[in-house]
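Number of protein chains: 2
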Amino acid sequence: MALIRSWVESANAPGCPFPLNNLPCGVFSVGEEEARCGMAIGDCVLDLAALEETGLIALDGGPLLDVPFWNEVMGAGPVVWADLRAQVTALLVEGAARRDVVAPFLVPLADVALHLPFLVSEYTDFYAGRHHATNVGTMFRGAENALPPNWLHIPIGYNGRASSVVVSGTEVRRPWGQVKGPQDATPRLAPSARFDIELELGAVVGLSSDGPVTVAEADAMIFGYVLLNDWSARDIQAWEYQPLGPFQAKATATTISPWIVMKAALEPFRVSTPPREVPLLPHLHEPGPMLYDIALEVGLTPEGGTETVISRTNYAEMYYSAAQQLAHHTTCGCPMNVGDLLGSGTISGPTKDSRGSLLELSWGGKEPFPVQGGSRSFIQDNDTLTLRGAARGEGYTIGFGDCTGKVIPALADPYARN
Amino acid sequence: MALIRSWVESANAPGCPFPLNNLPCGVFSVGEEEARCGMAIGDCVLDLAALEETGLIALDGGPLLDVPFWNEVMGAGPVVWADLRAQVTALLVEGAARRDVVAPFLVPLADVALHLPFLVSEYTDFYAGRHHATNVGTMFRGAENALPPNWLHIPIGYNGRASSVVVSGTEVRRPWGQVKGPQDATPRLAPSARFDIELELGAVVGLSSDGPVTVAEADAMIFGYVLLNDWSARDIQAWEYQPLGPFQAKATATTISPWIVMKAALEPFRVSTPPREVPLLPHLHEPGPMLYDIALEVGLTPEGGTETVISRTNYAEMYYSAAQQLAHHTTCGCPMNVGDLLGSGTISGPTKDSRGSLLELSWGGKEPFPVQGGSRSFIQDNDTLTLRGAARGEGYTIGFGDCTGKVIPALADPYARN
Chain Z
23 MALIRSWVES ANAPGCPFPL NNLPCGVFSV GEEEARCGMA IGDCVLDLAA
73 LEETGLIALD GGPLLDVPFW NEVMGAGPVV WADLRAQVTA LLVEGAARRD
123 VVAPFLVPLA DVALHLPFLV SEYTDFYAGR HHATNVGTMF RGAENALPPN
173 WLHIPIGYNG RASSVVVSGT EVRRPWGQVK GPQDATPRLA PSARFDIELE
223 LGAVVGLSSD GPVTVAEADA MIFGYVLLND WSARDIQAWE YQPLGPFQAK
273 ATATTISPWI VMKAALEPFR VSTPPREVPL LPHLHEPGPM LYDIALEVGL
323 TPEGGTETVI SRTNYAEMYY SAAQQLAHHT TCGCPMNVGD LLGSGTISGP
373 TKDSRGSLLE LSWGGKEPFP VQGGSRSFIQ DNDTLTLRGA ARGEGYTIGF
423 GDCTGKVIPA LADPYARN
Chain P
23 MALIRSWVES ANAPGCPFPL NNLPCGVFSV GEEEARCGMA IGDCVLDLAA
73 LEETGLIALD GGPLLDVPFW NEVMGAGPVV WADLRAQVTA LLVEGAARRD
123 VVAPFLVPLA DVALHLPFLV SEYTDFYAGR HHATNVGTMF RGAENALPPN
173 WLHIPIGYNG RASSVVVSGT EVRRPWGQVK GPQDATPRLA PSARFDIELE
223 LGAVVGLSSD GPVTVAEADA MIFGYVLLND WSARDIQAWE YQPLGPFQAK
273 ATATTISPWI VMKAALEPFR VSTPPREVPL LPHLHEPGPM LYDIALEVGL
323 TPEGGTETVI SRTNYAEMYY SAAQQLAHHT TCGCPMNVGD LLGSGTISGP
373 TKDSRGSLLE LSWGGKEPFP VQGGSRSFIQ DNDTLTLRGA ARGEGYTIGF
423 GDCTGKVIPA LADPYARN
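From first to last, the protein sequence lines stand for chains Z and P.
If you want the numbering used here, it's the 1-based position in the first sequence plus 22.
If you want the numbering used here, it's the 1-based position in the second sequence plus 22.
Read the hints as simulated data drawn from the structure, not as lab findings.
Keep in mind that this is a model prediction, so the values were computed, not measured.
Ideal Cβ positions, reconstructed from N, Cα and C, are used throughout, including at glycine.
Incorrect hints may have been included.
[To be verified] To spell it out: a stretch of chain Z is covered by chain P in this simulated footprint if at least three of its residues, at any positions, have a beta carbon under 8 Å from a beta carbon of chain P; those stretches are:
id	stretch
1	233-241
2	252-264
3	350-361
One chain only, chain Z, in its complex shape (with noise of 0.2 Å):
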């Protein structure tokens, strides 16, 4: 698969995130003005909304893009959503008719403001990453013991709050919690000491089932991939997690990319899980290739600092795929929605400089890690956390934009009231 050039210039130039090839869901305002759908293409977010209204997109069941989330397109189904690139191809391919027409929609990604993409119905985490899952439980439980034993049998999952979800950019502010150290006679309550991120890929259900489904029709309902960060609060879990998992470690907040980018774009980079160390049992069994090639990265920057890359991993050093987690998800016939989001699980590669959380890169906090101007064990007020993803093709990159947010101080007191 080469660049598909479109005569958006800047959508041509090698490294945009946002070729022809991509077209990615968002959901933009500017100024005032009511937020509605539109792709990303170059330096600019075309107004699919408007051009819905004036006739030149139409889509079976629409008006679908007048509205601030992509929920009705998804609901509308695979048919709509390759309906709409073709017709958003073709309006912006090299050499198209109606240039003149459409080039008033284009408006500079500059000038926008970018919202949730779409409304989560459920969120839902998974635990699927093997370098991570072996890191962490080599932390918590030694070398011996660091794979749970359903871990190789099952993608290990656990509902989290989709109230949570916000999108990039969001001031994520440091949560107070009930902690206790191991020294500890009693718990306290206080802000957050170990707060982290996790760096994964979330996987947007566009099709809803209510019974158990199959990993190729799991893949079928997936709509398009964000890049998620499920910020964590690990000295809050530590106290918590037994025996019901996490809870308020997670609740915080999810930070999503501002664009979702639809399955058909990430097409050409399909690659395979890993060999199974063990056989998964039938109904697990991928038809074909699940994972992507997607090249990821973590930065951080501390206040009026330059920023550290503190990590660079591959989506396909997951251990699950997200259609295997979906499948889990339905066996017990668990009903999925439209807008459900699925966390993949912290994408750590099997080197140190590969880890997608602070608890791993710096071993639990015994082993700071360098960043510009200092060093970190884990986030500090007024850092800066990015996430960023690129899947590279012959010529043209698809990206996510950037998933980022900065920790602001905790409440001085959380139930002082005015």
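Following the hints, complete the assembly by docking chain P onto the known chain Z.
Chain P only, in chain Z's frame:
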């Protein structure tokens, strides 16, 4: 507090669950008509949507009632909640002037279908019953390690699956899942053989929040309560729940009663949580009694047989109140929304016959208990399980309606497609 007599004579009958003191909130339909909001009174439903349309009920921000969910009323806030109760009470009270005008808006309960009373935004389940946690902990970890170290300090909770919530009367299909017995070398996919109930009360959140709230503030956010059966596949749970908690074991279905009993109706029945074994941190202190004296029971009816009441207990047995749970839920800043549902956790009493799950009643299956025509360790196909609740005042009873579900056989092959 005594019975408030109504001109709807059936509401004054001893033991009627729906006297004028109650006025629980449901969603009903008649034949092919659209579902809408109503309140139960005696053996009837009062058609609130129609009353609002005629102007006999008028609410700030209305119309709010001609929709198939109570979320709009909830979102309107506590002044509207109280105003609605006052207006309906004035229409239905004995001696009301407009009796003849209102009577046509009563629909016999026997003639209506009842639907899910609200849109469930997110669902959280807790583990806050001391006897239940002790019983389960003793079975799994031994009597000396029964309670996890954090149990007496925080109301342990985990996020459940909102899409699994169904209204009473919905059949529940026995789930498939990945299971592995202690003697098995490898896991297998099978229908759950240890399918169970959990007797709970659900708190319905009626106000949103976006930061930590106190217990008093949390109590003010609660709109009302439902009966809740957290169907649980114990064999799936045992294999999956370490380290991140229950997932597929709890996602098949969660049945709630058709009626939300508003907090106002339960005010006369407030009781305190039991004495703390260790002091709670200040943010979890209760400003007053936050539990309710609600007698609860579970009935099991085999196919074609008669019901055996297998458990009798009381909501006052809880160690943590819903207000404490909601306050804890917000500690980290987790946003809460109108329509969030919080399960209390299984409500077991101190005696063998007051246990709120079959797991406890049969002590992990080792001590089958008698039911009409046989015995049970776990649920058998075509068993119907029914939860009931009643707060008993002087000459009146506050009920929730039955919370019932019949367990139908598992799919023969969950992946067969026609």
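* **Unmet hints by their number, sorted upward, for this structure** => When the structure is compared with the hints, none of them turns out to be violated.
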